[in-house]
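Protein sequences, first through last, are from chains B and C.
By my numbering, the letter at position 242 of the first sequence is numbered 242, and the numbering carries on one by one without gaps.
By my numbering, the letter at position 331 of the second sequence is numbered 693, and the numbering carries on one by one without gaps.
Calculated directly from the structure, the hints in this document are not laboratory data.
Computed from a predicted structure; not experimentally measured.
Just so you know, even glycine gets a beta-carbon here, dropped at the ideal spot from N, CA and C.
Any given hint might turn out to be false.
Said to hold, decoys possible - Covered stretches of chain C, as calculated for chain B (at least 3 residues, CB under 8 Å): (1) 424 to 438; (2) 454 to 460; (3) 529 to 537; (4) 676 to 686.
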Amino acid sequence: MTSESDRSLNPSAAQVEALGHVPAIYFDGQHSTPHSVIVALQPSMIVVSGAGVSRSAPLHEVDITEGPGATPRLIRFRDGAFCEVENAAALETLLSASRITPRRVTRWEGRLWWVTVSAVLFVAGLIAGYRYAVPALAIVAAEQVPDPVVDLISREVLSALDKQVFEATVVPPDRQAQLVERFGRLRFPSVADSNAYDIIFRKSELLGPNAMALPSGTLVITDALVALAQKDEEIIAVLAHEAGHVVRRHGLRQLFQNSVVALAITWLVGDVSVLAAAAPTALLQANYSRDLEREADSYAVDVLRINNISLEHFALILERLEKSAREDGGAGGGALGYLSSHPVTSERIERVRRPEVTTPAP
Amino acid sequence: MMQPGSPTLEDAGVVPALPEDAVTRYEPFTFTGSGDEYFGIWIVNLVLSVATLGIYSAWAKVRRLEYFYRHTRVSGASFDYHGKPLAILKGRIFAFLLFGGYYVAGYISPALGLLAAAAMAAVLPWLLTRSLRFRLYNSSYRGLRFHFHGTPGEAYWVFLALPVLSFFSLFTLVPLAHHRLKRFQHANASYGQTRFTYAAPVAAFYKAYLMTALALAVLTVVTGFVVGLVVGLGVIGEEQTGDQASTQQMLLLGFFIVMYALGATVFWSLMTVQIRNIVWRHTSLGPHRFISTLEVHKLLAIVVTNVLGIACTLGLFKPYAEVRLAKYVIGELSLVSSGTLDEFVAGAQPETAALGEEAAELLDVDFGI
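Okay, chain B solo, but in the shape it has when bound:
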């Protein structure tokens, strides 16, 4: 590009010394007709001239685009007219001559080292976020949920389950009372933990031998589990595990963690293939779920030791559950559903039988 101004092109340009000029294509914003023009830059004005085109504007009234990337550089006027500059390098020279420097963001985007550092931070952030930040935040968030909401949620979940998977129990009332009384005699690691648990019995073909905890402290135990256990201590061990879910607010934490994972995955993979995003979401959520199960196992171990109940009872009932799930052959909420959300049972039994692996009781 020449730096001398071309006086013949535009008389007004002759008045002020131009810093230089570049060729461009001009569109007037009203018609799709392209015009070949010359853009001249003066200290505070921009002048566009060509066949049938002659306009100028103060520099602060035009928007000179910077990227992103190597996209064409546009000089946009306020009325929608614009020039597309083919030779970006020439425009760059022209702009730096008039001390217009690119914005910081534009410079960052083009810098390899900055980009690389960001990339590494991004991956580290993803892993740290998934492993530590989200679970930690979930604990804080779960604490914030007010009790009336927790109760409301629990009631709604139970009434939904009662409609869909549960039937009335056939465990005799005195047997129920016996188990409730036995559980009531338990001592807990912390006084705050021994809040009122509400133990209820339900029958379910679909769930088989199972137990679950609602965030409010309601522990549900299925008839099949009562039948499967050979000693009361085994049922107490399972209930202690479920109590661990309640004490550590697992229900709410899981809800929070799963929502974050679902959002993050949809954002990352969603527009590549919305449907394919469901698979990694399920895997990552299952991993969280296994963490919570381990935590509840540790809690159960603590409770059993404080109450001088042999951990072997817990190990035995886990073995029985595993065997029953396998015989069930993956029907309904059987083996596959069970395996995806629980750690491999042999590993759990191992942890229970070697309690030094778990957190020691206070």
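Once you've looked at the hints, dock chain C against the given chain B.
Showing chain C alone in chain B's frame:
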């Protein structure tokens, strides 16, 4: 990065029945961006969005769309995006509150959730119309803005009534509903003062759905057979310890997840290819027409490698994936121009707020035009 000269009919390879006309030319769309270049923009967007707790995401969105629009070229000129970050930020906050409220309501109580869902259904068509207006108004080519003329009334029919009807028709009306949705988008769009016209036959949509269903049925039968074989052999193996059984079940679970993801990808690719090709072949702008020549196996190869790439790099491959997809999908679109493209004139439409667009974004509704 400049567009090469416009190729002639013969160069383009696919030649539909068109009258021999000296001024009819194939003008291919091209996407001139590159993965390396976009990576820098993407990562800076990401880091700044996180550092500002999401506030920057509105600016990031403008940056991203500017990148994709300005790198999309046809007939020697590029597109441009004019959305204002503050308008988008407002829309994002609104959408966040809307969907957050819906989610919370649904979790607290099913009854409240149902109520919230009804309220959402009532406002969504209106929001989606606004979304289309905002998106098109802020898109330009050769300095002329696009416009969207669809009314909320039509939107309620297309986004609410038809989907409900197709549900009650045991989904036999789904292809029709899809056709009407595309018609709503395309026939209501204009470039400056010139309206787009849309003339795709409904039968073509039924055929597309039928082909997809057949392909998926074949896929399901084949994988079902393989799974049956594997499981059968496993059972005959007998007498496993608990650990072996667990490992085997884990493997089976992994296999199902992979098959599900693959099935979903195949479904998405089949539908995208057929619908995009049909829609663009039957869309015209004044005397000019369009043609889209996507092929299933090519799109599938790109999408599968994209998903694998993203999974293996914990997401870092995403900008490359986006560029690869854009390069292919945009590159297979051509403008069949009849005469000059220099005579379009600007139309007038007031600026619209970004409320709807962001709401639609969170819902994952794709409005590619």
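Which numbered hints turn out to be false for this structure? Hints 2 and 3 contradicted; others consistent.
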